[in-house]
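Read top to bottom, the protein sequences are chains A and B.
Here the first sequence is numbered in our numbering, starting from 1 and rising by one per residue.
Here the second sequence is numbered in our numbering, starting from 1 and rising by one per residue.
Hints are computed from structural coordinates only; laboratory data are not their basis.
Just so it is clear, CB atoms sit at the ideal spot from N, CA and C, and this is done for glycine as well.
Watch out, some of these pointers could steer you wrong.
Stated by the list, open to error - If the Cβ cut is set under 8 Å, some of the chain B residues that face chain A in the computed set are:
1) G112
2) R205
3) R207
4) D233
5) V235
6) Q238
7) V240
8) A241
9) I244
10) R251
To be verified - Residues of chain B placed beyond 12 Å of chain A at every Cβ, according to the derived structure:
11) A16
12) R75
13) H101
14) G130
15) A140
16) N153
17) L231
18) G247
19) A255
20) T420
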Amino acid sequence: MRVVIADDAAILRAGLVQLLEDEGHEIVAAVGDGEALKAAVAAHRPDVVIADIRMPPTHTDEGVRAALELRRRDPGLPVLLFSQWVETDYAGRLLAGDSAGIGYLLKERVLDVRDFMDALARVAAGGTALDPEVVSQLVGAGRGTHSGVDTLSPREREVLAMMAEGRSNNAIAAGLFITDRAVEKHVANIFTKLSLPVSTADHRRVLAVLRYLGV
Amino acid sequence: MTTVVRVLRIPFTARARRDLLYAVIALPLATLGLAAALLTVVLSLGSVGAITLLLLPLFMTVVRGLGNVHRRLIRRLLHQRIPKPVRPPRRPGVLGFLAHHLADPGTWKALGYLLLKFPLAALQTYVGIGAWIISLSLIAYPLLLPIEHDPLNFGTYKFQSVPSQLMVIGMGVVALLIITYYIRVLNILDGWLAARLLSPGSTVRIRELEETRANAINEAALTVRRIERDLHDGVQVQLVALGIRLGRAERRLEAQDPAAAGELLRDSQQDTKDIIKQLRELVRGIHPPALDSGLGPALHTLAARSSIPATARVELPERPAASVETMLYFSAAELLANAGKHSGASAVSIAVLSDGESVHLIVTDDGKGGATLEREVRDRDERRGLDGAESGSGLRGLAERVRTVDGTMDVSSPPGGPTTITMTVPVRP
C-alpha cells in the first residue's frame with residue numbers, strides 16, 4: 001500500500017517508516033504537521049494515511065482536524081489516527097461523519113506489529129479500527145444507553161464491543177473462545193435487537209457499532 | 001532560699017542583659033532615626049523641587065535602613081521576629097524610581113516608627129539606664145561611702161550605721177528588680193510598636209500574598225505543563241520508537257532473519273540507554289537527587305556540569321527549609337544558564353552565604369553585563385512567541401518567584417560587566 005505518515009516526532013516517524021517498509025508498504029511521504037499532511041495527500045493520493053493527533057503548531061488536535069478536512073475533500077479516504085492517550089471528544093468527532101475507513105489507536109498498539117498491520121489493512125479496506133480503550137471510554141462516557149443497546153445480553157454487548165474495535169467475526173470468536181457460528185448468531189441477534197435495516201453485512205456492522213457508541 | 005537566689009538573679013539573667021543592652025543602644029540610634037525622620041518630613045512638606053526629588057529618595061533609603069537595623073536588633077536582643085516588608089520590583093524610568101522610593105508604604109510606616117521611637121528611647125535609655133546605675137550604686141553603697149564626703153540622708157537621718165547601710169543595699173536590690181521590669185515593659189512596648197510599623201501591614205501583606213500566590217500558581221501550572229511536554233515529546237515518544245524497533249526485530253525473527261533481528265536488538269539496547277539518560281535529566285529538572293543531601297552537594301554538581309567554567313561555594317551553618325533550598329537551587333541553575341546564554345562570560349561563581357536570618361545567593365559572571373529585569377522581559381516575550389509555553393523565566397520571572405518565599409533580588413550589571421545577581425531569602429519562610 002502507498003502510505004502517507006504524519007508525526008511531529010522525527011524518531012517516531014522514522015520508526016514507523018522503517019516498520020512499514022519492512023512489512024512491504026511504500027511510504028510516499030512522511031511529514032511533521034497537519035498542513036504538510038494535507039499537501040502530501042493532495043500530491044500523492046495515498047491508499048491510507050497514518051497521522052498523529054497532537055502535532056504543531058498548537059499540539060492539540062491537528063491530526064483530527066486534518067483528517068476531517070481530508071475526508072471532506074475526499075470522502076472515504078482511509079485515515080488511521082494515533083494518539084498517546086484517548087480523547088473521547090476526538091473519537092466522537094471522527095466517527096460523527098462517515099465512519100468507514102477510520103481508525104483511532106493508542107500509539108503503543110504499533111508495538112504488536114501483526115495487530116497493527118491488521119488494523120491498517122482493515123482501515124484501508126474501509127473498515128474501522130478503534131482502540132479497545134477508545135471503545136470503553138466512549139461507552140463509559142454515558143453514550144450508547146439509548147436505541148436498544150440496553151436490551152442486549154451481556155454476551156451480545158461483548159461481541160458488539162469487539163465489533164466496535166473493528167474485529168472480524170473470526171477474531172471475535174478467537175477472542176471470546178466461542179465458535180464462529182456462535183458469533184454469527186450473536187451478530188444477527190444484535191442487528192435484530194437494534195432493528196437495523198437489512199443491507200450489506202458490513203454496513204449493518206458499522207451502524208450497529210455507531211449505535212453502540214452513541215455517536 | 002533558692003527562690004530568693006532566683007529573684008536576686010533576675011536582673012542578671014541573659015534576658016535581662018539583652019534587655020539592658022537594647023535599652024542602652026536605644027537612644028543613640030533613635031536620635032539618628034529622629035533626625036532622618038524629621039528631615040524626611042520637612043523635605044516632603046516643602047515645595048517639590050529638584051532638590052527635594054533628589055534628596056528625598058536618599059533620606060527614605062536611610063529611613064528604611066534604620067528600620068532594618070531596628071528589626072535586626074529586635075530580633076537579636078528581644079527575640080521577636082518581625083517580617084520584612086517586601087517591596088515590589090522597581091519599574092523603569094524616573095517615575096518608576098520615584099514611585100519605588102517615595103510611594104512605598106513600608107518606608108512611611110518605618111518613618112512613623114522612628115518618630116515614635118524617640119520619646120520611647122529617651123525613657124529606655126535615660127530613665128532606664130540612669131535608674132539602673134543608681135540602683136547599682138545603692139547596692140555598692142558600703143563601698144562608696146568612704147569615698148563620698150556626705151552620706152545619703154533622708155531629712156536629718158543619715159544612713160551611716162551598719163544596719164542603715166544594709167537597708168540601703170536592700171533598697172538598691174529592690175530598685176534593680178523594679179528597673180529590670182521597667183526596661184522589659186518598655187522593650188515589649190517597643191516590640192509591639194515595631195511589629196505594627198516595621199512589618200508589612202496586613203493590607204500590603206495581603207496584596208503581596210495575593211500577587212505572589214497567583215505567580216506561584218502560574219509557575220506551578222507551567223512547570224507541570226513543561227514536565228508533561230518533556231514526558232510526552234521525549235520519553236514516551238522514545239519508548240514507542242523503541243517498541244517499534246523491538247516489534248520489527250520480532251518480525252525479522254519470524255522471517256528467519258536472525259542477523260537483522262540481532263542488529264535491531266542492539267539498536268534497541270542503545271535506545272534504552274538513551275531513554276534512561278533522558279529520564280535522569282528529566283528527574284534532575286524536577287528535583288535534583290543531590291539536593292537531598294543539601295545545597296552544597298547540589299550546587300557543586302550543578303557547577304561541575306555547567307557549560308561555562310563555574311565554581312560553587314556554600315557556607316551555611318544549618319540547612320534552610322526545603323522550599324528555600326529548592327528555590328535557591330533552581331534560581332542558581334537558571335542564573336547559570338542565563339550567564340551561559342546571554343553574557344558571553346568565561347567564568348561564573350555561585351556563592352550561598354547566611355547571616356542567620358537570611359540566606360544569600362550570589363551569582364557573579366565576568367560577561368558583558370547589561371542585564372536588567374526589563375531586557376529579560378523582552379527576551380521572555382520573544383521566547384514565548386517562539387515556543388508558546390515558556391514563560392515565567394528570565395530575571396523578572398526569578399524576581400517574581402523569589403517573592404513567593406518573601407525574598408528579594410538585586411541585579412547589578414553595568415555595561416561591560418561584571419554581572420552580580422543577589423537573592424536574599426529568609427532562612428525559614
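| field | Proposed interface contact between B:Q238 and chain A, which counts if any beta carbon pair is under 8 Å | value | At 6 Å from the nearest chain A Cβ, B:Q238 passes the 8 Å test, so the hint holds.
Does B:L231 sit more than 12 Å from chain A, CB to CB? violated (9 Å)
Proposed interface contact between B:G112 and chain A, which counts if any beta carbon pair is under 8 Å: This interface hint is violated because 54 Å lies over the 8 Å limit.
| request: Could you check that no beta carbon of chain A comes within 12 Å of the beta carbon of B:G130? | output: holds (76 Å)
Looking at B:R75 again, its CB stays over 12 Å from all of chain A? Per Cβ check, B:R75 is outside 12 Å of chain A; nearest 50 Å; holds.
Problem - Non-interface claim for B:A255, where every Cβ of chain A lies beyond 12 Å - result: Violated: least Cβ distance 9 Å, not greater than 12 Å.
So, as I understand it, the hint says B:R205 touches chain A; can you test that by seeing if any CB pair is closer than 8 Å? violated (40 Å)
Checklist entry - How about B:D233: closest beta carbon in chain A under 8 Å, or not? => result Hint holds; B:D233 Cβ to chain A Cβ min 7 Å, cut 8 Å.
inquiry  = Given B:V240 as an interface hint, is its Cβ closer than 8 Å to any Cβ of chain A?
reply    = For B:V240, the interface hint holds, since the closest Cβ of chain A sits about 5 Å away, which is under 8 Å.
Please verify that the nearest CB of chain A lies beyond 12 Å from B:N153's CB. holds (96 Å)
Does B:R251 pass the interface check with chain A, least Cβ-Cβ distance below 8 Å? holds (5 Å)
task: Identify whether the interface hint at B:I244 stands, where standing means a beta carbon of chain A within less than 8 Å of its own.
output: For B:I244, the interface hint holds, since the closest Cβ of chain A sits about 4 Å away, which is under 8 Å.
This entry does not satisfy hints 1, 2, 3, 5, 17, 18 and 19, going by the numbered hints stated previously.
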